[in-house]
Amino acid sequence: MDYFRAIVKSEEISERVFDLTGIIIHKLPSNYNAYFIRRKCLRQLKLDLNREMEFINEVTIANQKVYQIWEHRRQVIEELNDFKGEIEFLHKIFDEDNKNYHGWSYRVWLCDRFKIYDAELIDVQYYLDEDIGNNSAWNYRYFLLSKMPLDFNAELEYIKNAIRLKQDNEAAWNYLRGWFKMFKFKNDQENPYKTYVQFNLKDFNLLEFLNEVGLTNRFALSLKIQYLLQDGNYKDAIEICENLQNLDLIRIKYWQYMKNQIIGLIQ
Amino acid sequence: MKQLNRTQNEQNLVHSAITQIRKQYQNEQTEEVPKEIMENKYFTEYEQLNELELLTNKHIKYCTKKLLNIGYSIFYLDVGQPWCIYWPLNALSILQDDVSKYENQIIQYLEKCKIGGFTGGPNQFEHLAPTYSSLLSLFILSTPAALGLIDRQALEKFFWSVQDPTEKGSYLMHVNGEADIRAVYIVVIMVVILKLDPKLLDGCAEYIASCQTYEGGIGGVRYSEAHGGYTFCGYAALVCMKKADYIDQEKLMNWLVNRQMENEGGFNGRTNKVVDACYSFWQGAIFKLLIQSGYVDEQLMNVFELKNYIHMCQNASGGIFDKPSKSPDAYHTCYGLSGYSLADSNFQNPIYNIPNKCIEFVQNFFQ
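Quick note, the sequences are listed as chains A and B, same order. With the UniProt record's numbering applied, the first sequence covers 1 to 267. With the UniProt record's numbering applied, the second sequence covers 1 to 367.
Hints in this document: simulated from the structure, not taken from any laboratory. A couple of the hints might just be wrong.
[To be verified] Derived coverage of chain A by chain B (criterion: at least 3 residues anywhere in the stretch with Cβ under 8 angstroms from a Cβ of chain B; other residues may be distant): (1) 59-73; (2) 77-90.
[What the hints assert, rightly or not] Straight-line alpha carbon distances no greater than 16 angstroms define the calculated EDC-like cross-link-like pairs of lysine to aspartate or glutamate that follow: (3) 259/A with 329/B; (4) 194/A with 245/B; (5) 242/B with 131/A; (6) 181/A with 344/B; (7) 307/B with 344/B; (8) 58/B with 329/B; (9) 186/A with 245/B; (10) 186/A with 250/B; (11) 253/A with 245/B; (12) 259/A with 250/B; (13) 243/B with 190/A; (14) 253/A with 329/B; (15) 194/A with 262/B; (16) 253/A with 298/B; (17) 181/A with 231/A.
Keep in mind that this is a model prediction, so the values were computed, not measured. In this text, a Cβ means the ideal position worked out from N, Cα and C, and glycines have one as well.
This is chain A alone, in the form it adopts within the complex (with noise of 0.2 angstroms):
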C-alpha cells in the first residue's frame, strides 16, 4: 500500500505501475485511485483491451457489487465499441444475484450505447419467468418498452397475466400502474422532466380485472381509487380509503391522508 502510494504522488505512467494497479485492486477492489492510474496507463501505452477485458470479468466475478470494476468495465467496452460476450458475462451475474443493481443499471447502458433493444426484450423474459417478482427485470422491461414502438393492449394482457399468477406482487403491480396519469391533487404536477411514457387511466377499462383480483388486496384498492377520483366519484373513493384503512395498518397514516385529500376536492 505504501509503495502504491508513493506511486500516486509521482504520476508514473508504465507497464510496471499498470501490473502493480492489477495487484492493489484484486486486493481492494473498490480503491478508485489505482483505477484511475490504470485507465490512464491503458490509453497512454495502448495496452490490449481484450486482455484488459479478462481481468475486469475475473475482479468483477469475484466482487459483484463494487461500483468501481462496474465504471471501469463500462469505458473498457465504450472504447472497444464491440459488446461481445457482454450479455453472456451479465447471465452470469444474475445467476448469483438477480437484482444486482450495478449489473442492470450497466445493461441500460450497455442496451442504449449499442441499440439492442428487440433482442433485449426477448432476453430479459428469460429473468421474469425466472421470478416474477424481480422489480430490476420489471424495470428494464419499462425502460425497453419506453424506447420500442408498442402495442400497449397486448402489454396489459401480459401484465394482467403476470398478476394473476401471483397477486400480491407489487413490481407488477408498480408496472401496471406506471403506465397510467394518476389523479393529481391541487397542488402536484406532472414531473416535466420525466423519461416514463404514461396514458390516460380512463382509456382503458381495468375495472373488471381488478374486481376480479379482489376486493382485499391493497393494490388493486389503490388503482380503483384512481377510476373513482377520474370520475369524480369521491364517496367511493372515500370509502375504499377507509376500508385500507383497516386493511393495511402499516399505512394507515397514509390512507388517512388520501381520505382527507379527497375530502378536500369535495368542500
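Using the hints, position chain B against chain A.
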C-alpha cells in the same frame, strides 16, 4: 434487551396479534385489551416488544470504540477513511454524547485527507464521498477551528473538475469516475450551505427529475430502478434547492409508503427486496423531506413500527445491524440511529443528516 429469535411464520403471527389488537382499539375506541387477545400466546411477546428500548449507553460505547479506530487496520475502508469518522461521530451526536473531546484528533486527521475536496485517505485522489463525510464531520464539530479547515475556493475548483462531460447537471464521484445521483446530491448540498458558485447547480434539478422512474422513486442513473439511497439523494438535493416540485411528488409518496414492510416494520430499499435497518434513514428521511418541502404537513410513516424494528436490530452490547442474525457495524449504527431520531424528533436535519443546530452554526459562519 430481550432476545427475540423468531421465524418468519412466528413473526407473521405476532404481527397478526398486533393487528387484531389495533383493530379492536379502533372499532370500540377502548383502551382495554380483549380477553381472547390477552390469552393469545403471542400477545405476551408483543408486550415484550413494547418494553424494548434504545440501548443508548451501549451504542455510545460501541461508537466511541469505532471512532477511535481511525487510521488503524481498516483495510476495507482504506479508500473511505473519513466514513470511519462521520458514521460513529454522527451516531454519538444523535445520542447526545459530547463530541467536542474528539475535535483535535479529527481535525488533525482530516487535514491529511484535504486537497480542496477530501480524499479517501492520505496520499489519495479527491473523491466526492470522503469529501461529503469529511465536511459533515467538521460541521458536526461546529467550531471555528473545524470549519477553518474548509478551503471553499479549492473545494469549488474540485467540484468543477468533476462535472460530467456528457450530461448537464450530473457529476462524477471523482475525476474519470462513475456518475450517479449521489454525486449530484453531494455537490448540491455543499454548494448551498457553503455558498459556493450557484452556477454549479445549473441543470441539476432537471437531471435528477429525469431519473425519477415510473414507480415514483429515483434511480442511480437514468432508467435505473427506483432505489431508497438514490431517491433520498435526489429528493434531498431538490428540497435543498427549493425545487421539490420538479418531480411528481404524489408518485414519490406512493412508492415511499409502500417501502415500509408489513411484517417487520422497517423499510426495504426497492420493490420486493428485503428489509434493512439502514433504510430507516434513506427512506425514513424522505418522509421528513416531504414535510420540509411543504408537500405534506405531517409524518406519514408508521413511527411505532419503525422504532420497534430498530429496537430488534440492536446488538446486546451496542451497535445496530442490518437485520436480526447479522453483525453490527458503524454504517448501520449511524443510519439506524439517524432514522430513529428523524422519525419523531427535529434534532437531525433531513437534508444533511447532522443536527439542525450545527446547520445553523455553519450557515452563520459562512455569511
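Checked hints:
{"no.": "1", "hint": "59-73", "in the structure": "holds (count 4)"}
{"no.": "2", "hint": "77-90", "in the structure": "violated (count 0)"}
{"no.": "3", "hint": "259/A with 329/B", "in the structure": "violated, 41 angstroms"}
{"no.": "4", "hint": "194/A with 245/B", "in the structure": "holds, 12 angstroms"}
{"no.": "5", "hint": "242/B with 131/A", "in the structure": "violated, 40 angstroms"}
{"no.": "6", "hint": "181/A with 344/B", "in the structure": "violated, 33 angstroms"}
{"no.": "7", "hint": "307/B with 344/B", "in the structure": "holds, 10 angstroms"}
{"no.": "8", "hint": "58/B with 329/B", "in the structure": "holds, 13 angstroms"}
{"no.": "9", "hint": "186/A with 245/B", "in the structure": "holds, 13 angstroms"}
{"no.": "10", "hint": "186/A with 250/B", "in the structure": "holds, 11 angstroms"}
{"no.": "11", "hint": "253/A with 245/B", "in the structure": "violated, 23 angstroms"}
{"no.": "12", "hint": "259/A with 250/B", "in the structure": "holds, 14 angstroms"}
{"no.": "13", "hint": "243/B with 190/A", "in the structure": "holds, 13 angstroms"}
{"no.": "14", "hint": "253/A with 329/B", "in the structure": "violated, 32 angstroms"}
{"no.": "15", "hint": "194/A with 262/B", "in the structure": "violated, 30 angstroms"}
{"no.": "16", "hint": "253/A with 298/B", "in the structure": "holds, 9 angstroms"}
{"no.": "17", "hint": "181/A with 231/A", "in the structure": "holds, 14 angstroms"}
This entry does not satisfy hints 2, 3, 5, 6, 11, 14, 15, going by the numbered hints stated previously.
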